[in-house]
Amino acid sequence: MRSVGAPRGTTVRASVGAGAAMLLVGTSTAVSATVADYPVLVGQALRYALAAAILLAVLRHRRPPRVRLTPRDVLLVAALAATGLAGFNLCLVEATRHAGPAMIGAVIGGVPVVLALAGPLLERRRPAPRTVTAAVVVALGTAVAAGLGSGSLTGLLLSVGALAGEVAFSLLAVPLLPKLGPLRVAAYPAALAAPLLLVAGLALDGPAALRLPTPGEAAAFVYLGAVVTAAAFFLWYDALGRLGADRAGLFAGLVPVGALLTTVVLGLGHVGTADVAGALVVGAGVVLGTTRRSDLPRPSGLSGPGSRQARPAGQPADARSARSPSR
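UniProt numbering applies: residue 1 is where the sequence shown begins, and numbers increase by one.
Since the hints were derived computationally from the structure, they do not count as laboratory data. Quick reminder that beta carbons are idealized off the backbone N, C-alpha and C, glycines included. Check before you lean on any hint, since a few could be wrong.
As the list claims (entries may be wrong) - Distance ranges between label pairs, derived from CB positions:
1) H61 to L204: 35 to 41 Å
2) L204 to V74: 26 to 32 Å
3) P71 to G269: 45 to 51 Å
4) H270 to L121: 37 to 43 Å
5) A219 to G267: 36 to 42 Å
6) L121 to R13: 49 to 55 Å
7) T214 to A284: 20 to 26 Å
8) R60 to L153: 29 to 35 Å
9) R126 to P175: 18 to 24 Å
Work out the full structure: start from the sequences and follow the hints.
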């Protein structure tokens with residue numbers, strides 16, 4: 001379905017929001033290194049619980065009109081929490097036991113291509129050739145920066161599972177955004193994912209996983225929960241509703257760029273030629289896919305009580321993986 005394109009100002013705002021969200025997710029690489037000794041899944045549960053508390057507090061303060069969740073809405077929220085958050089993290093954590101960070105990063109780097117194809121098809125419109133081409137360029141840039149790496153078949157399959165979770169994080173949100181708006185879509189799945197990850201962490205690591213974080217770890221979890229999760233999720237879902245999954249997905253390629261910038265700013269590691277080249281290729285792909293929009297099909301309009309105005313419709317990850325930031 002085609003509709004009139006959004007005003008340029010709206011598109012620019014959405015692009016800035018999507019880019020900022022993915023750059024923030026990229027910063028989790030360095031921060032996650034400080035909690036590498038903390039039980040991973042329980043740490044993710046803490047992070048999502050904090051993010052949910054922040055987002056729900058903002059909702060309470062803003063007092064948006066009440067919405068009544070249908071059984072379909074509840075199912076979508078639960079599926080988003082189970083696959084896009086809890087499932088993504090489970091697959092990613094297990095993938096690190098069977099494959100290197102480069103392989104995992106290269107597989108998850110295919111997210112823009114999948115969204116460029118699947119997003120429009122789910123909305124019963126044709127994928128835009130320019131967007132698909134741009135997504136391929138972004139994915140290639142991610143592969144250049146991360147390398148192809150190596151690992152077992154199990155590691156590859158788990159990486160594909162993480163890729164599926166990353167895709168579900170966006171696609172399952174699209175039908176929820178018109179009614180719930182970005183704040184609720186960010187808050188509700190995070191609130192559900194926290195207990196899921198806590199149970200998974202206890203099942204994998206036992207009662208020893210329940211320990212108080214050190215002051216340094218606590219500070220890291222506050223950053224991961226407040227900035228990388230609460231702020232980044234809201235920015236991402238706000239942009240997703242304005243740009244559509246296909247064009248918003250291009251900005252997923254900025255995650256390794258955010259990791260690179262954090263490494264440079266904090267002086268935590270060496271920045272190689274491949275890192276810079278990959279970042280430049282990613283940037284070229286994003287520019288290609290978000291400029292000269294006259295040939296791009298637009299998604300149908302989004303509006304609803306959960307958002308402040310009418311909107312056109314439309315990490316990843318383990319602390320031990322240097323190329324797969326936590327989401």
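When you take the CB atoms of L204 and V74, is the distance between them in 26 to 32 Å?
-> holds (27 Å)
Kindly confirm whether 20 to 26 Å is satisfied by the beta carbon distance between T214 and A284.
-> Given range 20 to 26 Å: violated, Cβ gap about 42 Å.
Is it true that L121 and R13 lie within 49 to 55 Å of each other by Cβ?
-> Violated - the Cβ-Cβ distance for L121 and R13, about 26 Å, lies outside 49 to 55 Å.
Does the Cβ pair P71, G269 satisfy 45 to 51 Å?
-> holds (48 Å)
Okay, H61 versus L204 on CB: inside 35 to 41 Å?
-> At roughly 37 Å between Cβ atoms, L204 and H61 fall inside 35 to 41 Å, so the hint holds.
Between H270 and L121, is the Cβ distance one that fits in 37 to 43 Å?
-> The hinted range 37 to 43 Å holds for H270 and L121, with Cβ atoms some 41 Å apart.
Quick one: are R126 and P175 within 18 to 24 Å, going by C-beta?
-> holds (19 Å)
Taking the beta carbons of A219 and G267, is their distance inside 36 to 42 Å?
-> violated (19 Å)
Take a look at whether the Cβ-Cβ distance between R60 and L153 falls inside 29 to 35 Å.
-> With a Cβ separation near 48 Å, R60 and L153 fall outside 29 to 35 Å, so the hint is violated.
Checked against the numbered hints above, the structure breaks hints 5, 6, 7 and 8 and satisfies the rest.
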